[in-house]
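Below, each chain spelled out in residue letters.
There are 2 protein chains.
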Amino acid sequence: MIILGFDIGGANIKAALIKDGDISETYLKYYPMWTSDLSKLSEILTDVVENISGNFNIDAIAVTMTAELSDAFYTKREGIVHIMNSLNDVFEDKDDRLYFINIYGEFIRVDDVLHDPLQVAAANWAATSKFLGEIFKDCILIDIGSTTTDIIPILNTLPLTYGKSDTDRLISGELVYTGVLRTEIPSITHKVVYREQECPISSEKFALSADVHLLLDHINITEYKIDTADGRKKNRKDSMARIARIICSDIELLSEEEILKICRYINSQQIKKIQSALEKVITSIEYKDIFQLPVIVTGLGSNFLANKAALNLGFKKIINLDEKFGKKGNIIAPSAAIALLLEKKLMDE
Amino acid sequence: MIILGFDIGGANIKAALIKDGDISETYLKYYPMWTSDLSKLSEILTDVVENISGNFNIDAIAVTMTAELSDAFYTKREGIVHIMNSLNDVFEDKDDRLYFINIYGEFIRVDDVLHDPLQVAAANWAATSKFLGEIFKDCILIDIGSTTTDIIPILNTLPLTYGKSDTDRLISGELVYTGVLRTEIPSITHKVVYREQECPISSEKFALSADVHLLLDHINITEYKIDTADGRKKNRKDSMARIARIICSDIELLSEEEILKICRYINSQQIKKIQSALEKVITSIEYKDIFQLPVIVTGLGSNFLANKAALNLGFKKIINLDEKFGKKGNIIAPSAAIALLLEKKLMDE
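So the sequence lines, in the order shown, correspond to chains A and B.
Letter 196 of the first sequence, counting from 1, is numbered 346 in the numbering used here, and no numbers are missing.
Letter 92 of the second sequence, counting from 1, is numbered 242 in the numbering used here, and no numbers are missing.
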């Protein structure tokens with residue numbers, strides 16, 4: 151059985167092709183919707199499908215999305231309907247191979263989505279956690295991507311989440327709007343330490359978390375998969391210039407060590423942010439000796455953010471999904487998880 | 151005597167024409183350098199000069215700048231030299247009518263700037279406060295513009311500032327990177343109150359302070375002189391959609407009153423930010439009964455931000471420069487202040 155999984159985000163479209171229970175291909179297209187011509191979305195999706203599936207016949211297509219929150223769309227409803235229509239252009243109109251996951255982790259069809267679009271809004275975490283529950287019966291998942299962090303407690307194979315919508319998930323701590331690449335510095339911290347003093351920072355988009363993590367050797371230039379804040383290059387020198395600018399300085403006036411100190415401070419504040427959300431999530435769970443639960447970390451920030459936040463808080467057993475499963479660490483990606491889930495469902499039927 | 155004053159900022163170029171001690175014209179050109187073709191800067195400056203001075207012969211030109219911090223330039227030095235060269239293209243090469251103010255409030259010439267460019271970096275506050283010191287002997291100036299806030303104690307006619315560079319001024323509290331229009335919400339607060347709960351906000355550039363202040367009727371649409379965050383319109387409905395998005399919601403899901411509550415919360419946090427910088431500034435001043443000092447407020451945010459911050463802290467005498475001087479409130483604008491200062495200097499010589 152061949153299943154195509156789609157995770158249509160506001161910045162990236164991710165796809166995974168599943169062949170008989172295995173991930174055969176994955177594909178990521180950087181496509182920032184907020185600056186793109188949305189009428190071209192179906193062409194972009196067609197390209198992605200051709201790229202990943204070649205001449206394969208696809209038995210079913212599983213879709214999850216978060217792009218409806220992008221300010222490319224006036225409301226989530228408008229976004230979801232536009233994405234649906236673009237998918238209908240790519241495949242046949244209301245193709246009966248199309249499946250969508252909703253916030254309750256159920257697969258629903260085109261007509262159901264059109265009837266109540268909001269139930270598929272930002273449901274990618276539901277796909278991921280449902281899939282993961284089948285591997286780890288009890289655990290806490292921390293998935294840190296380019297822009298956001300998901301913290302999902304899974305007990306007895308099921309996600310035990312308090313929030314369903316993104317807003318509720320922000321409140322519960324299950325969604326933290328902080329990530330490895332696209333996060334602007336003022337959303338991590340309003341000040342840094344510079345020459346032993348607290349220095350407030352500029353509110354301009356002078357630098358991004360990608361610069362911090364590149365300079366701290368947490369990511370390499372290939373992983374810096376976004377536009378830079380100033381349109382200049384992705385290299386150490388230009389990242390240093392961007393970081394210097396956040397305290398209204400420049401690389402003539404700051405030493406490399408001073409810039410790295412600023413990066414280390416920002417990094418520690420980002421860990422604290424994740425840590426405090428994790429704390430909020432676990433205090434709402436009733437579980438005997440919660441710190442014995444394994445914490446499953448994944449995504450770009452698994453090692454230098456998720457791992458640290460969990461250790462700081464007192465968790466002892468931390469499993470890096472990417473290391474554990476090798477290339478298959480990708481299964482955590484919603485695009486793959488949703489395809490694998492759909493395959494299982496269709497096989498069971 | 152006819153003097154042209156220039157304040158060349160990263161987002162706006164402001165100019166004022168002084169005729170015999172009076173402001174005869176002011177002109178503002180929105181020109182975001184970080185997205186512009188910098189080789190065109192001299193053309194833009196020529197346009198501004200033609201617009202404001204018509205056929206007048208100008209006796210002298212006074213210049214201050216902050217645009218060198220824009221990420222259009224790699225370093226401040228590069229920015230200052232580029233702006234100098236553009237001015238040299240507009241006027242004759244090294245025109246002897248060109249004067250620049252440095253961070254010590256002194257007027258210097260083209261060759262001095264080329265010899266040590268950094269001394270003119272972000273010196274606009276020096277022009278403003280030197281000028282103001284001649285009107286109010288002892289006072290504290292709070293000038294809140296579209297992007298930043300300056301807090302300048304003036305004692306015995308002279309600015310008593312601890313910071314000279316922007317970085318030092320951030321540390322001392324004399325520069326606060328918060329303003330009425332261009333400030334992104336996460337740089338004001340990381341959370342808002344929503345349905346009696348604390349809700350963390352998205353790190354995306356979904357809305358700006360201009361949306362908050364438009365919805366709270368602090369500014370009108372004409373004063374909303376920047377690009378919107380999502381490229382949509384400057385009106386209440388679109389501003390509400392942008393604010394709803396910061397908690398990952400939309401205008402279908404939030405009521406107008408809920409959105410206004412969020413705005414009021416952000417507004418109160420912005421006042422607190424200015425208040426705490428003001429507190430930092432005054433604790434470093436030795437002055438008997440400091441709360442008796444008049445606080446001079448000016449700029450777009452004079453009434454709803456500067457005024458509130460000063461009152462909250464315990465100041466009793468607050469003077470709104472714009473109201474006191476009517477249209478002449480514009481004298482506080484560095485472009486006018488610097489021109490008036492230069493006129494005085496040239497008359498005295």
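Don't take each hint at face value.
It does not matter which identical chain is used: a pair holds within one copy or between any two.
[Said to hold, decoys possible] Computed cross-link-like contacts, DSBU-like style, restricted to lysine-lysine with a CA-CA straight-line distance of at most 35 Å:
id	residue 1	residue 2
1	K190	K474
2	K387	K495
3	K287	K383
4	K384	K494
5	K244	K466
6	K190	K466
7	K384	K190
8	K495	K375
9	K387	K341
10	K383	K314
11	K383	K355
12	K384	K341
13	K467	K179
14	K411	K314
15	K190	K375
16	K430	K383
17	K314	K387
18	K169	K387
19	K495	K384
20	K244	K411
21	K169	K375
22	K190	K438
Read the hints as simulated data drawn from the structure, not as lab findings.
Hints versus structure:
| no. | hint | in the structure |
| --- | --- | --- |
| 1 | K190 x K474 | neither (38 Å within a copy, 55 Å between copies) |
| 2 | K387 x K495 | neither (50 Å within a copy, 43 Å between copies) |
| 3 | K287 x K383 | neither (44 Å within a copy, 49 Å between copies) |
| 4 | K384 x K494 | neither (41 Å within a copy, 49 Å between copies) |
| 5 | K244 x K466 | neither (48 Å within a copy, 68 Å between copies) |
| 6 | K190 x K466 | neither (48 Å within a copy, 59 Å between copies) |
| 7 | K384 x K190 | both (28 Å within a copy, 26 Å between copies) |
| 8 | K495 x K375 | within (34 Å within a copy, 54 Å between copies) |
| 9 | K387 x K341 | both (22 Å within a copy, 33 Å between copies) |
| 10 | K383 x K314 | between (39 Å within a copy, 31 Å between copies) |
| 11 | K383 x K355 | both (16 Å within a copy, 22 Å between copies) |
| 12 | K384 x K341 | both (24 Å within a copy, 31 Å between copies) |
| 13 | K467 x K179 | within (34 Å within a copy, 59 Å between copies) |
| 14 | K411 x K314 | between (38 Å within a copy, 23 Å between copies) |
| 15 | K190 x K375 | both (22 Å within a copy, 31 Å between copies) |
| 16 | K430 x K383 | neither (38 Å within a copy, 38 Å between copies) |
| 17 | K314 x K387 | between (42 Å within a copy, 26 Å between copies) |
| 18 | K169 x K387 | neither (44 Å within a copy, 48 Å between copies) |
| 19 | K495 x K384 | neither (43 Å within a copy, 48 Å between copies) |
| 20 | K244 x K411 | neither (54 Å within a copy, 41 Å between copies) |
| 21 | K169 x K375 | within (28 Å within a copy, 54 Å between copies) |
| 22 | K190 x K438 | neither (52 Å within a copy, 67 Å between copies) |
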